[in-house]
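Colleague: Below, each chain spelled out in residue letters.
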Amino acid sequence: MDPARDNGQIARVLIEMGGVLHSEQTVARTLQLVTELTERTVRSACAVSVTLAGVDGPYTPNASEPIARTLDEVQYEAGDGPCLDAMSEGHTINASLGDGDGRWPDFTSAAKANAIGSTMSVPLVVNDRSLGALNVYSTDTQLYGEIEEATASLLAQQASAVLATAVAFADATALKDQLLQALATRDLIGQAKGILMAREQCDPSAAFDILRRASQRTNRKLREVAADLVRSTIKGAAE
Amino acid sequence: MSLTMAQILEAGRQQAGLSHRDLWIGYCALGGMSGPETVDAYLLGDAIPDHLEYDVIAQVLNDSFVDFGGNHPVPYAESLEP
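Going line by line, the protein sequences match chains S and U.
Going by the working numbering, the first residue of the first sequence is number 10, and it counts up by one from there.
Going by the working numbering, the first residue of the second sequence is number 16, and it counts up by one from there.
If you are wondering where the hints come from, they were derived from the structure by calculation, not from laboratory data.
Careful: at least some of the hints might be erroneous.
[To be verified] Not everything, but these chain U residues come out facing chain S in the computed CB check (under 10 Å):
no. : residue
1   : His35
2   : Ala44
3   : Gly46
4   : Gly47
5   : Gly50
6   : Glu52
7   : Leu59
8   : Ile63
9   : Val71
10  : Asn77
11  : Asp78
12  : His87
13  : Tyr91
14  : Leu95
C-beta atoms are modelled at their ideal positions from N, C-alpha and C, and glycine is treated no differently.
All chains should be modelled from the sequences, with the hints used to inform the complete structure.
Modeller: Written out as structure tokens, the structure is:
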């Protein structure tokens, strides 16, 4: 072991991860970097993945090796496993699979079948919210040592911060798209109300009522009713 | 009356699975002019929407139910009249 070399490598890793925010601000790129860097810096790691808590349950957005994804998915399917425990309990699970303590039977069986001897899952926590876990698999049946656990925790902490920012960025992008679509719909409905106000000599509120009733009568969305009206008016004007 | 409106809208929001933010964006898309805090207040019963405001929110909910095969289950203001 060479602490100076380890520290130097970790420092480079952190600088590299910090750079993610200034280059490609996407969750996918961030997680890819996290898994690659963890595999590179945690000794004895042979495969690394990230589990994220999704709306439809946990999923693996990135894995350094296919076996990591496979073993993650065995856990999701079984509904139990070290990465799920790390997420729900909020602390690191460091387990040798050789001791046969009966935990996670499906996962343990699949791991052993693939020559995996130990696993470590570190929760990715932001503001007391568990976003997922960083999973490190090894062919060694020894538990990960204190230094390896500390290194993984450090990377997980950094990953959590980057992930939180990336999620916030993705969220903001989604909001922007939603608002742009809302503005387009609002414009369309404004046009439809204007047409009705001119045609029916009514106020905007009454024009909305006419659209609303048509939507209810035909069981179609208001914007579809409005789009039809605008389209037919344009067509009528052109003829 | 105001509590009933709030309960109807909040129940509809939950059933439609819309977040408060999504509901407000939908409300803006249909021409709503109030901020998200006001729309939240309508759903909490802390403010009373006029009929147009209520109907715009009801329409957002009913539009989202169309995707799931529902046929305008959220009543409009006129049908809540005593």
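Colleague: Next step is simple, just say for each hint if it's right about the structure.
Modeller: Evaluated hints:
{"no.": "1", "hint": "His35", "in the structure": "violated (13 Å)"}
{"no.": "2", "hint": "Ala44", "in the structure": "holds (4 Å)"}
{"no.": "3", "hint": "Gly46", "in the structure": "holds (5 Å)"}
{"no.": "4", "hint": "Gly47", "in the structure": "holds (9 Å)"}
{"no.": "5", "hint": "Gly50", "in the structure": "violated (14 Å)"}
{"no.": "6", "hint": "Glu52", "in the structure": "violated (17 Å)"}
{"no.": "7", "hint": "Leu59", "in the structure": "violated (23 Å)"}
{"no.": "8", "hint": "Ile63", "in the structure": "violated (17 Å)"}
{"no.": "9", "hint": "Val71", "in the structure": "holds (7 Å)"}
{"no.": "10", "hint": "Asn77", "in the structure": "holds (7 Å)"}
{"no.": "11", "hint": "Asp78", "in the structure": "holds (4 Å)"}
{"no.": "12", "hint": "His87", "in the structure": "holds (5 Å)"}
{"no.": "13", "hint": "Tyr91", "in the structure": "holds (7 Å)"}
{"no.": "14", "hint": "Leu95", "in the structure": "violated (14 Å)"}
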